[in-house]
Structures are given as structure tokens and as C-alpha cells.
Amino acid sequence: MTTLLSNISELQSNLNKEIDYLRMRVNKCEIQGNNNSLKLKGYEMLVNKNCEEIKLLDERANELSRYRIKEEEKIPYVFTAPPQNNYFAGRTEQIQELKRILKVEETMNEKEVRVAAVCGLGGIGKTSLVSEYAHQMKDFYKGGVYWFSAEDDTHLSKTVNAVAVRIGALLNSFDLTLPNILKKISTIHHPCLIVLDCLDQLDLSRNMMEFISLSSQENIFGHFIVLTRRNPKRLVNEVSVFQEDSCLQLKCLLSQEAKQFLFSRSKVVRDKSAESLAEYLCEELGRLPLALEQAGAYIQMCSCSFALYLEQYKVERLRLLSRQQARAAGNDSPERLAVHTTWLINMEYIKKNPNGQAAVRFMNACSFFDGNEIDEELMNIGTPAVEDVAYRKCVSSPLGCREVLKLLTDFSLFTYVEVHSVSTHRLVQELVWESLTPESKAESFIDAVRMLSFVFSKCFSPSNHVTLDEKNDTQQNIISFSDPPSSPSHFFMWSKFCMHGHYLCRNMENLLVNSVCLDSLWFPETAKILYECAVHLSANHKHEEAKRILNFAYRILDWLPLAGYETVERNVSNNFLFPLPIPLPKPFQLEIQRCSRPPFVSLEALTEKPDPEVSNLAPEASDLDLKKKIENLRFDGNKCLKESRYKEALNAYSLAINLAQKGNIAFNPLLLINRATAYIKLGQYEDALKDANDYITRSPDCWMGYALKALALDGLNEKVSAEIAAALAFYHNKVIFSDFLLFKNSFVALKERIFICDSVEELRKAIFSDEVEADVLKILVLGSEEYILNSETIVGPWDRCVLVGTRNDCSVSLKSNYVIPLLKCMLTNISFYLNKGSIFCMHGSVVKILNCNFTSYDDRRSAVVTLGDFNADQCSFTSTKDSGLYTAKGNALVVGCSFLNNGKVGLEVREGGTLKVKSSRIHNNGRHGLVIGPEALECVVINCDIHHNVETGIAVLNSTNVTLIRNNVFNNYDHGIYVTNCEADIRENNSFDNGLWGIWSQNNSCCNISTNRVFRNKAGGVCLVYRAAGKEFSRSVIELNNIYDNVGPGFVEKASEFEVVESLSTHGDMDEASKSYLKPSSSYQSAKSQNNRVYNNRENENVSNLNCSVPYCSHCHKKCEPKRCGKCFTAAYCSRSCQENHWSKHKKICKVLREKSSYLITSIEKAKYTHAEQIEGRKEIGPKFSPPPPRDGRMFVVKVHTALREVTSYADMLYDRSLELCGTFDSRFIDELLEEFGVQCERRFIEKKLYFYCLFEDNGQLRLFTNVFPKFQNW
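In the numbering used here, the protein residues as written are 1 to 1275.
Everything labelled a hint here was simulated from the structure, so no lab data went into it. Among the clues, some could well be false.
Lysine-lysine pairs mimicking BS3-like chemistry, simulated, CA-CA at most 27 Å apart [claimed, not checked]:
(1) K751 x K734
(2) K719 x K734
(3) K251 x K138
(4) K272 x K314
(5) K751 x K681
(6) K1118 x K1271
(7) K744 x K642
(8) K1184 x K1166
(9) K1168 x K1127
(10) K719 x K778
(11) K111 x K99
(12) K184 x K111
(13) K542 x K1271
(14) K1119 x K1145
(15) K542 x K1123
(16) K1123 x K1151
(17) K99 x K142
Here the structure is a predicted model, which means the values were calculated and not measured.
Could you build the full structure based on these sequences and the hints that come with them?
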């Protein structure tokens, strides 16, 4: 009794502890919930504020924009679910349960995203079930079915990019592409289905969690399903968006379903005798779909009875169990054992086929590839050739290849996923791997390498586009991209083969670790495959991993047979084998990303029910019958129109157009004119405008489209745009005002204001004509292709006129050597080529331009200079030697324009000017993309792409009222956004992949930086240098930002003393009030920082050492802690004896490896460490801390960092710890290493540092080794 009471007391105590713990968790959750609510509320307020500002900007949109023909963006229909399993059976209850979880019947009413998870073992049929569901519900999901793979981050990125290409959502990174896909999908007004397959990784990556979070929370109309081997409890614990009642636990098929599946797959006649045997066989196979699939395939192909198969199955299973026990491997689960046994039975039969040995050999090789998509091209003779002569003979012919694939697909070991590619189940790949002996694994792996090497030799590779400039005798300095490919799919097959290459790399290391002999694998093509993979990784921003794979390729060169060393040495030396350095130069990264997109494939149409009117004709009706019906409808519509029965006319025209579109019949474009007329009569002007624009696109030289467009715009009260359209109608039909009564009545006295100008002289007369009353616009229609302006055309400002080119492609050009002054003027559809001078919008001017191009060759003037009110819509400012657009003391509104390849700045606003820019592209300019200031009054920039500018993306200088919202600022060579002595509101922007900081603020700037994503910038994420203390200086705010993956600190604020001094000395344009607060002795206030996510940035204090080394001995291949060859620093050994035994072989290639993996500094200028102190501060450095570096060829460590720009013109500074060696030099290659692998110097400004192994050559020159790096040090 005492013991019982004691146990009860202990139990009670434990329960109380549990209750207290649970209460604490509940309180913590409530607190967290309140905090999250506050965060969400704050975020919603910011989003609402942004939306209001964008709406206000839209209201100020250019009046001329209604004139331009704008096509509505249509998201193409996408259906990327796997093909239906032709033998799918049963699962009716599970499909109904999935519908219940997703609340399909309520979807149309609620219009929100609902989530579900399908959980189950591998091979249980998760993918088949959801694929069947998607196909059955195809007509319901009219918004598309989007299928993604979460097998790993590489597959996730690949499938995301493939969908993005189809719907036009591909951006520069996964972090932007995924939200852009979901944003576009959210605009679809029909339900869609998003599926994330293979969520089976042990630890879910950040990308996968982001995918799940975004897909389940975005404003998407439809459903989101995840497929995973996790059980529901584990999934709910790991991923918060799921609840247990949203998870469908998939189990093996029910007995009746399993029998139905087996009969369907095996094609056996279903009778009483077969029924009982089928039930018994299904039970033996555990009713597992994959096992049933393989068994049914065998029974069908071999015309085998259930009884005979059952007997064979039992024998094979016993044999398998005995083999497992013999090797003490433990037993498979019953389900896995069933699949393993059916697979072995199929393989034994395949081997007896005439092409069976070739099929088995190919399947064994494919176990080392990515099983999701195995292209037919991989079935080849290999390079070097596969040793099996019979295999080579079989696959040398297309017929042999087809026979092999047919054999494997007939037995359900492969499945076609595309016309020319197959897939294999992951479980099948695992079984192949397990069935191979170490010798067979080596043989199959070598086959895989040879097959992959063959396809690499046949496809377009980035290495084919390398042009080497003059080089020294050790290291190429400059490479360039020759003949840039025009096709966005030029490297697509190469990138697919690289996916297989990554699998080979991982499998190669597994084999080496398990001591599998791969001696016959080591040939130059193996190293070449690894090199291609390194290029692929570097192009996708994985530079450290790329460096390691490249070092692996170098190691393989040491493992090659001695007989081929002379050729290898020559190929490495002349850059034939490894032409590109790692990390890749930025132009190569960009070109490879641009040209690795999947080719566009026409998408499968929805299986909608046919239109009743069409179904009445089908299938008997011919195209002739359909055309006749369409023409009859047009006549009926014309009759109704004449009789003023406008609604009946509209219905007739619409039905005719719909019939033509659904029957893929080219219809008479006059139907659009007829329908537009009916729309106008009914007052439906927007619809009339769409039809008129459609007609103009089809018949650009016909007056009727412009006439109907003019009437529609007039009905919408868009007077100026209407008159422009009317003028073009008059240009194409000179009697329109007399013959078209409706037109004459709508545009009274317009004819007198229209001037047709077919020559420069006619243009001059029209511009300066006094025939039109003051304050009334003249419309000048330019029909010739070219006008070369003379001095007489610019004797005064162009005033009160609208210049209209007659072609939408801007093929009407005006060429000038003069400044063209404008007052009140509109320009549309014109290209300006300015040899000298510019377009000058004077004080007090009102200028509006639409669909114009501007190019200037004057290096002293911007192409367009405006000092008045200026609107630009859908214009291009390209290849000017100075800047594209300059505004000061006026107001400029820019919408949908391009500023690219300008010599200095894309566009700029200064000196009392205001600028609003929306939905524009600013890229590849010679200095900055956008410059705001000094002394700009106001600037708002929304939804712009600002990238690849030689200096800063957006530079904000000494200005107030600056607002940057929802811009993508990336791949600029300096900062993404740079702010100095300004007030700026920076919200919801993406700043990434810039050469320095994502966002940099200095000189007492006051910034509100919120809800931005700042990632992968080369110097750091966000830096707020300082803000003076004082009542007149409000605090900067940084909140709700995501700052991650930057090669430097995520967030830095508060300047050290030398930063303040440096800023004061280099920015003398600050006002005295600000300077008084910026003395080193003054106090400074920190920004209000809250609710930011700052993670995975390379911070100085906790930076991890670079892991680029390959831990395998160059002699014995064993995994070890290697000691490097002192000469080339590339070969590595587990012991001194291995190094000595390998030297007779290694010495033949040592020199070329040394040159390939290092950089020779041929010229260095001596410098003082005091220069470095301004960057790195005072360190334990000098003769008393270290002896001088050796000059006898031995290694030592040096530090290289960016030199101080104000002190030396050289880019980089180098010194050892003793300071015996201290100098500056230039190298673009070393700059790229600093950018990708370096960390911030102590100044935490823009300078970066990296430690190198180094030695003195016999001639006194320095050699830096660039293949591996020493540990980060503190001096």
C-alpha cells in the first residue's frame, strides 16, 4: 500500500509539472500570438499605405496611355501533373476524402486556398492518386495544375523555373521567382491546384518551408496538396500550416481495389478461378501499388498465369531473404520486400530477352542518375566507349534504343514522362543500387560516367563561348563571352545533364568512402564532367561548392593513367579542359542563367464541353459549313445594326467571333469593326476600344480601326487621344469627314487642325503655322520613314502641336544635330536620333510622349532634358552617350519606360525637380541606374526593375521626400540602393546580388526601411552609418525586413570614429547644422530596429572557414586529412610514403596544376601599412609578431583586401603578418574571389578581405594559390 501511495504521489507530482509546463506553453503561445498580431497589423498598415500611394500614382497616369494599344496579360493554361496511370484502380474513397479535406464544393463560394497532405510509404501510390485526382478534376481546375518536386532544393528550383517560364514569371532568383509565380496565379479567376511532391527530406530546407508557407498563405483561388512519406503527426509538428484533419494517410489498396488493379494491369480475364488466385497474390504482395504494377506487367508480358507467378514469387522471396540473412543486412519491411521481389522477377526475365543485357546495363547505369527525368540521349555508346560491345551495338541504332526503352517500360521499371524522356521510381533505384556487388557498382558507375560524358560532348556548353584574351604564363586574367546565344534555351540540355552530373558526384564520393575500386573510371572526361558541374553551381550562386567540385576535378587528373599525362598536360595548359575560372565572371553567370530556360511547349487545352452552337455542327460539319454559318451570322448582325437593333446585332457578331475562335477558323476582321460599332451604339466604349485595337493590330493600314477607336475614346471623354486616332483615320482615308457622318458630327472642326507632313518642309510649315487659333492643338501626322531636321525647323520652340508617327513600331524617325525646344507638345510613335543636342522641355512647358524612342550621340547632354511638366509612357531611352532623361525644377511622370545602355545615368532628377517612376526598366547604364538629387524635391519609384548598372542601382543624394516601393534592384556593380544626407522611405523592395551593400545609408540620413528583402549582396545587407542625436533629427526605422545570405554582415549601424571622420572629409556638401552633429566626439542615435529576420549572413565574428578541399589521397584514393604538395598545392596525400610513391607520376603534371590553381602577381607596388590601418584598424601585426616570409619556395599566409580608394589607384592591398611584404596590385580575378569569398574588413564599409597561401617564385614574383584558402585569422 505504501508503495502504491508513493507511486500515486509521484504520478501526481509529474502530472502537476506537466500541467504547469503546458500552462507556460499556452501563455507563451498567447504572448507570441499577440506579438504576431501586432506584427501583422503593422505589416497590413504598411501594405495599405503602399497600395494607396500606387493608386494615387495611377490616377496621374499619362492621358496618352489610353491611346496606346495594350493587350491584357493572359496567364497561359498550365497542366504539369504526371501522366495518368492507365491501370489506376480503386481509391474512390480516398479521392472523395481528398475532396472533403479541400472542401471542393465550397471552393467557388469562398475563393480561398485550402491545404491538404497525402502521407504514406514509398511505393504506396501517393503520386498516382493525386495525379489521378488532378486529371479527373481537370475541368474544375481551369486555373491550371502546377506540379512541383521537393526531392531536394535543386529539383524544387528546377520545377519552379519550368513553371515560371511557361507563365512568364521567371526572375533572377528562387526567392523572387516563387512569389512572382504565386502572384500571377492569384490573378486567375478560376480554381487552380498546386502540388508539392516528394517532401521527404529529413531536414526541410528554407526554400521548401518558404514554398509551403507562401503557397498556403497567398491570395490564391484553389488548393494546395503536399505529398510526403512523413506520418501526419510528424508533418503537423514540423509544418504549422497543416492540421491532422487536413492529412490523408494513404494505406495499401483494399482487397477489391488491389484485385481490380491487378486484373487491369495484367490483362488476365476475370473469372471465378482467377479471382481467388488474384486475391491470394494481392495479399502476398501486401496490396502495394508498386509491387502490383510490376507483377501485373510481368504477367501481361509473359502471358503468365497467377498461379505460376505466385509460385515463382515465393521462390524468389525465399532466395532474397536468405541472401539478406547471409550478409547480415537485416530484413526489409514487408512492403519493401514485396517490391524487391517483384523487381527481381522482372529483371530475371528481361535478362533473357535478346536486348535484355543492354536493358539491364542501361538501368544499372541509370541508378546513378537523377531518376526523375532520364533523357533518351543518355542511352548511347559512351565517351570513352562502354566496354560491352553488345551494348554498344544495340544502342548504336535508334531501333535498338527504342527496343531497350520499350522493354523497361513494358515491365514498369521505367515510365514515360515526356515524349523523349522516362522516369524511374526512387524505390526502384534504391533496389538496383542494393542489388549490385561492389564490382558491379563500379562497372555501372563507370558506364554512367561514359554515357553522360557522351551527351556533354554533343550539347552546347558555356565553355564553347569562351574567348581568352592575352594572358601571362600562369593564369588567364580576362575572359569574355563570345557569340552570345540568342535562344533562351541554348544551355537547357546542358543544365539538365548537369543535374545528372551532380548525382554522379555524390555517388562517386559514396563509392570512394566505401572503398569501391574505380581505377578504370579515371579518364579526362570524368574530370570534364565535374568541371561542367562546377560551372553550373557557380552560375547558380553556389560558388564555394563549385570551387570544391573543381578541386575534385583537379584531383581526378592525378588519378589518371600515366600514359595519357602528356595530352592532359597540354589540354589543361591551353585551357581546353577547364577554360572557365571558378567563381565564374559575372557576364557568364548572367548569360548561363538567361539561356538555361526550358523551351516553350504549346500547352494542353482544357477539355471543356463544346459550345452548344459548335456541337450542333460537330462532327459532321466541315470547315466550309462553319465558315458559312459565321458569314450568315455577320449578315444577320448587319441587318440588325441597320434596323437599330443593336443588342441583337451585338449577339450575332459575338457568336460569329466565338464560333471562329473555338473552331480555329480565320474570321473576317470586319466582324470586329461591326461589333465595335454595335458597342458604340450601346455606349459600351471600353469594349468598343478593345475591338478597335484588335482590328488595328490585324489591319494597321485600314482607316476603319482608327475611326472606331476615335469614337470609343471620345465616348470615354479621352479627347486628345480620340483626336490622335481620328487624325490617323483621316491620314488613311482623306474623305472620312465627308463620307462618315458619325465621325464628322463627333469631331467638329478637327479636319482644319490636321496637317499631313510627308517632308521636312511640310513639317516646318505645320509647326510654325498660324492657321490654327491660339491655345488649340495642331495634329501633325508624319507618314514618311525619315525626317532630317535642319536649322529652320528649330528657329523657335515647338508649341501647341501633337506629332504622330503613323506606325506603332516607331519606324518614323527624326534626326537632328540641334537642340529641339518644346513648350506645349505631344509626341507619339516617333524615334529620335540626336547626333548633337537634345530634346529640351523649357520652363513652363507641358510635354507628353508616348511610345517614342530616344538615342543621343552627344556626350555633353542628356537625350531629354525637362524643366517643366513632363509625362512619358512606354518610351525607350537607349544608347545615349550621356544620360537618358534629366529633370530639374519641373515635374516628371514616367510609366512603363526603358532606360538602358546609356553612357552615364539612366535617368536623374535634381535641383528642385520632382519625379514619379512606375513599372519601368533601368539597366545596363554606364554609371548609375537612377540618380535622385542633389536637392530633388520629391521622387517616388514603384515597381521598377533596376539592374546591371556599372555603379549604383539607385543613388539618393541630399534630397527629401524620396519613396521607393516594390522595386527589384539587383546585379548592380556597387550598392543596390545608396542614400546620403536624405530622407527616404524604402519599402517592399528586393535588393539582391549587388556588388556591395543591398541598402547603404550615410551622412545623417533618416530612412524608413521596412518589409524589404535584402539578400546575396557581396558586401552586406543593410548598413546605416550614423544618425546624429538631437530633437531636430528623428530616428531611422528598420523593421519587418528579411535580410539573409549576404556575403557580409546582415545589418550594421553606428559608425566607428574613423568612418565619421572619413565621411566628413569626403562629403563636404553637407549643411553646417548636420556637420555640427557629426563630430567624432558627438553622440549618435541608433535606428529603431524591430521584427527583422536577419540570418545566414557571413558575419566577421562567426564566419565559417571555406571548405573547398577534397579529402582524398592523390595516390591511394583513401579519405583522409590530406597534406598538400608543396609545389602545386593541389595534389594531397594521406602520408609521406604516398607522396613519395606518387611523385614519379605527379611530377609530370605538377607544374600545370600549379599554374591552373594559382595566380601569379607580376607587378606589385610597395605601400605602407598605415594605408591598411584606415580599413583594418590596429592589429597585432609587424616584425615582433611574426618572422619575415620565407623566400625559398615555402608557403606562407598573406592577407589581401580591397585597397582604400582615396589612397591608391590600385584595387587590392596585400601584406604578410610581419609587414616585410606590403604592396598594392590590380587583378580582376582576385577581385572576384574577394567578392564571393571574402569577409568585411574592420571598417565594415565596402572593403573585403581574404587570406591566401602564397610563395615567392625564384624570380621574386609572388604566387597566390586560389584553389583552397587558409582559416580566417585575426591579424
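Going through the hints against the structure:
1. K751 x K734: Holds, at roughly 10 Å.
2. K719 x K734: Within the cut-off at roughly 21 Å; holds.
3. K251 x K138: holds, 25 Å
4. K272 x K314: Judged against 27 Å, a Cα distance of about 23 Å means the pair holds.
5. K751 x K681: holds, 24 Å
6. K1118 x K1271: Holds: K1118 and K1271 sit about 24 Å apart, inside 27 Å.
7. K744 x K642: holds, 19 Å
8. K1184 x K1166: OK: K1184 and K1166 at ~21 Å, within 27 Å.
9. K1168 x K1127: violated, 30 Å
10. K719 x K778: This hinted pair holds, its Cα atoms lying about 13 Å apart.
11. K111 x K99: holds, 15 Å
12. K184 x K111: holds, 16 Å
13. K542 x K1271: Within the cut-off at roughly 20 Å; holds.
14. K1119 x K1145: holds, 20 Å
15. K542 x K1123: Cα-Cα ~26 Å, so holds.
16. K1123 x K1151: OK: K1123 and K1151 at ~18 Å, within 27 Å.
17. K99 x K142: Given that 27 Å is the threshold and the Cα spacing comes to 16 Å, the pair holds.
Of the numbered hints listed earlier, the single one contradicted by the structure is hint 9.
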